[in-house]
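Chains as they are written, first to last, in our numbering: chain A, 1 to 281; chain B, 1 to 315; chain C, 1 to 253.
Everything labelled a hint here was simulated from the structure, so no lab data went into it. One thing to keep in mind: the hints can contain errors.
Sample of chain A residues with no beta-carbon within 12 Å of chain C, all distances over it, derived [to be verified]:
| no. | residue |
| --- | --- |
| 1 | I47 |
| 2 | G69 |
| 3 | F180 |
| 4 | L193 |
| 5 | R273 |
Computed beta-carbon distance windows for the label pairs [what the hints assert, rightly or not]:
| no. | chain 1 | residue 1 | chain 2 | residue 2 | range |
| --- | --- | --- | --- | --- | --- |
| 6 | C | N18 | A | W38 | 51 to 59 Å |
| 7 | A | F257 | B | N64 | 35 to 43 Å |
| 8 | C | H224 | A | V261 | 38 to 46 Å |
| 9 | C | S160 | B | M188 | 51 to 59 Å |
The C-beta atom is built at its ideal place from N, Cα and C for all residues, glycine as well.
Letter by letter, the chains look like this.
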Amino acid sequence: MSDLSIVTPDSVAQLSDREIRRSIRRRWVTRTSILLGWGAFIGIWYILSDIVFRDPRLPSLHLVLQRAGRIIATPGFGSDLGNSVLRLLGGFLLALVISSVLGLLIAYSDWWRNLLQGFLQLIVSIPTIGYAVLALVLFGISPIGPVLTTMLVSIPYITLNVAQGIAGVDRRLIVMSEAFGRTRKQIARDVLLPSSLLSLLSGARLAFAVAWRMELLSEIFASSQGVGFQIRSSFERYDTQAMLAWTVIFVALMLIFEHLVLRQIDRWASHWRSAEPSATR
Amino acid sequence: MTDFSSLPHLPDSLTDTAARSVQKTQTAKPGGLFSRPWFLRLLAIAIIIIVWQLVALTNIRVPNIAEVIRFLIIEISEGTHGGTFKGLFWSPIGNSFMRYAIGMAIGVPIGFALGILIGTSTYARGLLNDTTLVLLALPSVVWAFLSTLWFGLTSEGPILAVVLTAAPFVAVSVSAGVRNIDRSLIEMCASYRVPLLRRTQHLILGGTLPSAITGTRLAFMAGWNSLIIVEWFGATSGVGWRARTLYNFQDYPGFTTWILLFILLIMILDRFLLRPVERRAFRWNEPPMLTFAETDDDSNASTNNSGKRLRKRQD
Amino acid sequence: MATVLIENLTKVFPPTANQPNQVQALGGLNLSITGNVLVAVLGPSGCGKTTLLNIVAGVEQPTSGSVRSVQDGVPAHISYVFQEPRLLPWRTVVNNMIFVQDRKSDRSRREAEFYLSMVGLGDVADLYPSQLSGGMQQRVNIARAFLVNPDILLMDEPFSHLDALTGRSLRDYLQKIWSQTRKTALLVTHDVNEAVELADRIIMMRPGGVIFDDIPVNLPRPRHPSNPDLQFLQNDILRRFDSMEAAVRFGVG
């Protein structure tokens with residue numbers, strides 16, 4: 001009743017008819033070109049592997065996929081994958097805990113912000129191979145290296161987001177809560193936490209993309225087991241097929257986690273945000 | 001200027017009003033020595049060096065700072081480390097930078113062209129977008145291994161790896177930049193009949209430039225990363241090769257020196273070339289999502305903010 | 001019975017970086033409000049209305065002077081209708097209401113729903129604020145202020161962010177809910193329409209934070225904006241503002 005919008009059935013029909021036709025066409029164009037794009041990608045691969053080079057250093061796509069299937073079927077696969085995933089998660093969870101504390105410090109204190117800023121700047125400006133080889137010097141062949149490097153590269157992204165989440169909380173909501181006599185504990189739990197949790201999650205997603213690449217690289221340099229180690233040993237045997245197969249398995253797994261699992265968590269946590277304004281009244 | 005400086009301070013109570021926060025910044029501004037940004041930066045460097053020295057005391061593989069400096073001096077002067085083991089400095093760095101420059105010179109324009117294509121045409125977007133994203137998703141070490149396998153111990157391998165790593169980064173950010181160009185500006189150009197050439201120059205290129213530069217900066221970091229990896233595993237010259245050789249000789253001071261060198265080289269490039277360019281490109285715009293740049297003027301900024309808040313309060 | 005007693009109230013903002021001179025927001029204000037009345041403070045933007053409200057709420061400290069708000073000899077319980085809805089976006093409407101309640105019991109939800117239904121929002125209790133229109137969110141804001149059963153209700157231009165038609169229908173809701181509860185209320189506004197429609201008494205302020213006029217409004221409720229008496233009063237108020245401005249301009253006032 002209060003919000004008037006003048007929409008007559010006529011104008012809807014006129015508008016949507018043209019719009020629908022155009023959007024259907026556009027969707028078809030997009031779909032065919034996506035299919036064509038993948039077709040071209042696979043086609044070029046086959047042309048290069050089976051016609052131009054005919055070299056085991058560039059195996060056909062189906063051979064790589066078959067090899068991946070065989071690798072997954074081997075009994076040792078679980079332990080290699082498990083090792084990598086455990087280290088990744090270990091480093092990542094450590095980073096979450098540490099970053100939450102650092103984010104709080106940065107959001108609440110200028111002193112800590114100025115001090116930590118230098119460290120965080122340094123961490124992001126060192127290339128990942130720097131960490132991988134430093135871990136090699138410090139810990140030799142050991143699981144500590146991958147865990148610590150993964151943790152280190154994740155920290156700046158999560159910290160920054162936590163700090164922004166806490167400091168970016170709508171101050172007017174805090175004033176409102178205090179005007180209605182809410183206690184500090186209630187404000188922390190019901191205002192600060194929900195608002196910073198969301199940016200923590202988006203920071204975590206950003207960090208994860210960097211973290212799994214770091215974990216893989218650390219394993220390539222300083223590990224005697226795990227997916228990274230397998231990729232490296234395939235490379236050293238000049239076994240391109242196995243190398244690509246391991247890569248496909250791990251990258252697919254990580255992308256699925258990044259784009260399906262983490263995004264789903266994100267969506268669940270922000271369910272109140274995505275809601276469409278209701279058309280009633 | 002940066003994310004950190006834009007963080008507002010939390011009110012500690014309802015009474016933290018405009019007037020109060022002005023007082024707060026005014027008293028905080030002179031501050032003690034211990035809260036000056038330059039002091040904290042020095043403190044951070046000191047902490048890192050002290051921790052390093054402590055680790056060096058306990059871990060035999062980790063050299064201390066004196067050993068690293070001694071090694072570096074011999075390398076730079078190309079003297080001898082003892083016996084026939086000669087110092088090398090300019091040739092590995094020169095080789096690496098040559099490959100890096102060629103790789104970036106090929107990769108960045110390719111990425112830029114791809115990005116404009118993906119951003120402007122629906123067909124190109126469908127055709128190329130997924131492929132670019134997959135290439136971007138591959139860790140650079142995979143490119144490094146592949147180019148080593150394909151080209152052996154030549155210079156083409158590292159260059160190819162740099163191209164393949166850098167191009168998708170640029171392509172993705174440029175296409176995002178093109179798609180983010182304000183539609184109303186495009187319509188404005190259309191309604192004023194701005195000529196196509198000028199439209200491209202000012203609207204497409206101008207609007208895309210900041211995100212292109214951010215993408216290029218990331219591409220520079222990733223490209224360097226994969227160059228070092230290729231050189232580590234499959235080259236007979238360059239910074240990565242030198243570090244690898246010293247590692248194989250178990251020469252830990254030498255190895256550490258070169259690790260620090262290749263970290264320092266990219267940091268110098270980033271700080272003195274890429275970041276100033278980026279800052280210029282962003283002067284009219286919001287700063288990029290993740291820069292950890294200097295903030296000497298943040299106290300000024302917050303004073304201004306509270307000034308604004310104060311004015312607002314009165315009406 | 002609630003009373004607000006304001007004596008010699010001044011507020012001066014110190015100079016800042018982009019405001020080299022100090023600014024006087026309130027210049028020695030005297031005001032007393034007693035009983036179940038709705039008082040409107042009317043004035044142009046920048047005349048210190050919001051500062052006055054903030055000081056009464058205890059959000060800001062005065063430079064000099066005093067404000068006392070009491071209910072039967074004890075400090076009054078104050079609640080606030082903000083200019084913007086200020087709802088927690090991650091809580092549903094009814095949970096936003098429950099959030100401001102002191103004692104949580106099985107009655108809290110029913111009370112919250114009761115006040116929601118008073119502003120015509122009984123059936124959206126379980127939606128999130130982002131699912132409501134701006135006008136509906138503002139109605140929740142109003143209902144929330146009444147829910148805590150305050151002695152004194154402060155309202156800071158609650159309709160200024162809404163379009164004219166939505167604002168008009170919300171004023172009807174406010175009239176209805178206020179007539180049923182009759183809380184001592186202080187409404188800050190720059191809208192003459194709004195003041196004459198809602199208030200029992202209109203206090204007119206000019207820039208510098210000075211009261212230059214104070215008139216009672218003795219019109220029966222509910223008032224409808226098309227009522228000729230309201231139109232007449234509105235014109236009268238506008239004339240008073242004009243003559244005040246003329247007086248200030250020629251240095252008389």
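So, going through the hints one by one against the coordinates:
1. The claim that A:I47 is not at the interface with chain C holds, since no C-beta of that chain comes within 12 Å of its own (minimum 51 Å).
2. At roughly 45 Å from the closest C-beta of chain C, the C-beta of A:G69 stays outside 12 Å, upholding its exclusion from the interface.
3. At roughly 4 Å from the closest C-beta of chain C, the C-beta of A:F180 falls inside 12 Å, breaking its exclusion from the interface.
4. With 12 Å as the threshold on Cβ separation, the claim that A:L193 sits away from chain C is violated: the shortest Cβ distance comes to roughly 10 Å.
5. Separation of A:R273 from chain C is inadequate, the least Cβ-Cβ distance of about 6 Å not exceeding the 12 Å criterion.
6. The hinted window of 51 to 59 Å between C:N18 and A:W38 holds, with their beta carbons roughly 57 Å apart.
7. The beta-carbon spacing between A:F257 and B:N64, approximately 41 Å, falls within the hinted interval of 35 to 43 Å.
8. The hint said 38 to 46 Å for the Cβ distance between C:H224 and A:V261, and at roughly 58 Å that hint is violated.
9. Take C:S160 and B:M188: their Cβ atoms lie about 31 Å apart, and the range 51 to 59 Å is violated.
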